[in-house]
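Q: Sequence:
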Amino acid sequence: MNLNFLRRQLSLNPLKCALQRSQALTGRLVTPMGSSCGDSRRAKHTLPDLPYDYNALEPVISAEIMQLHHQKHHMAYVNNLNIAEDKLHAAITANDITAQVALEPMLRFNGGGHINHTIFWQNLSPKGGGEPEGDLLNEIKESFQSF
Numbered sequence: 001m002n003l004n005f006l007r008r009q010l011s012l013n014p015l016k017c018a019l020q021r022s023q024a025l026t027g028r029l030v031t032p033m034g035s036s037c038g039d040s041r042r043a044k045h046t047l048p049d050l051p052y053d054y055n056a057l058e059p060v061i062s063a064e065i066m067q068l069h070h071q072k073h074h075m076a077y078v079n080n081l082n083i084a085e086d087k088l089h090a091a092i093t094a095n096d097i098t099a100q101v102a103l104e105p106m107l108r109f110n111g112g113g114h115i116n117h118t119i120f121w122q123n124l125s126p127k128g129g130g131e132p133e134g135d136l137l138n139e140i141k142e143s144f145q146s147f
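Residue 109 in full-length UniProt numbering sits at position 109 of the sequence shown, and the numbers go up by one each step.
Don't read these hints as lab results, they were simulated from the structure.
You may find that some hints are simply not true.
What the hints assert, rightly or not - Each computed DMTMM-like pair below joins lysine to aspartate or glutamate, with the alpha-carbon atoms no more than 20 Å apart: (1) K72 to D49; (2) K44 to D86; (3) K44 to E104; (4) K127 to D53; (5) K127 to D49; (6) K72 to D53; (7) K127 to E58; (8) K87 to E104; (9) K44 to E85; (10) K141 to E131.
Build out the structure end to end from the sequences listed, making use of the hints.
A: This is the structure:
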């Protein structure tokens with residue numbers, strides 16, 4: 001197997017920043033200045049605070065559901081992303097390309113889940129809502145008779 005080809009492929013996929021961070025830590029690669037990947041020495045991923053209380057969306061979404069979704073479900077993505085990045089760092093340190101490639105689904109799934117939920121919390125708002133306007137409102141009324 002051509003290792004240069006594999007390394008080139010890895011540099012083109014979603015693992016790029018995680019690989020650069022881990023490689024910078026091992027001294028095998030210095031992340032170039034101006035890299036969009038940020039500081040290779042950054043802290044572990046953490047669960048972001050919600051911008052509102054768990055009960056702020058009641059009665060539409062209960063406090064219990066919000067707390068469960070945030071503290072258990074989203075936290076699982078955060079914990080598993082940190083585990084995956086630790087495993088990736090170990091695989092890079094061991095120069096284990098097979099393990100590095102095998103970790104891509106775990107990194108992508110948990111990284112994506114963490115990012116998506118972080119955005120999701122910002123999209124919910126106790127003061128949001130209201131009727132849409134224009135074509136969207138017309139389509140809703142046509143399909144459901146009313147907003």
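Q: Each of the hints needs a verdict: does it hold here or not?
A: Hints, verified against the model:
no.: 1; hint: K72 to D49; verdict: holds (13 Å)
no.: 2; hint: K44 to D86; verdict: holds (10 Å)
no.: 3; hint: K44 to E104; verdict: holds (18 Å)
no.: 4; hint: K127 to D53; verdict: holds (12 Å)
no.: 5; hint: K127 to D49; verdict: holds (18 Å)
no.: 6; hint: K72 to D53; verdict: holds (16 Å)
no.: 7; hint: K127 to E58; verdict: holds (12 Å)
no.: 8; hint: K87 to E104; verdict: holds (11 Å)
no.: 9; hint: K44 to E85; verdict: holds (9 Å)
no.: 10; hint: K141 to E131; verdict: holds (11 Å)
In this structure, none of the earlier numbered hints is contradicted; all agree with it.
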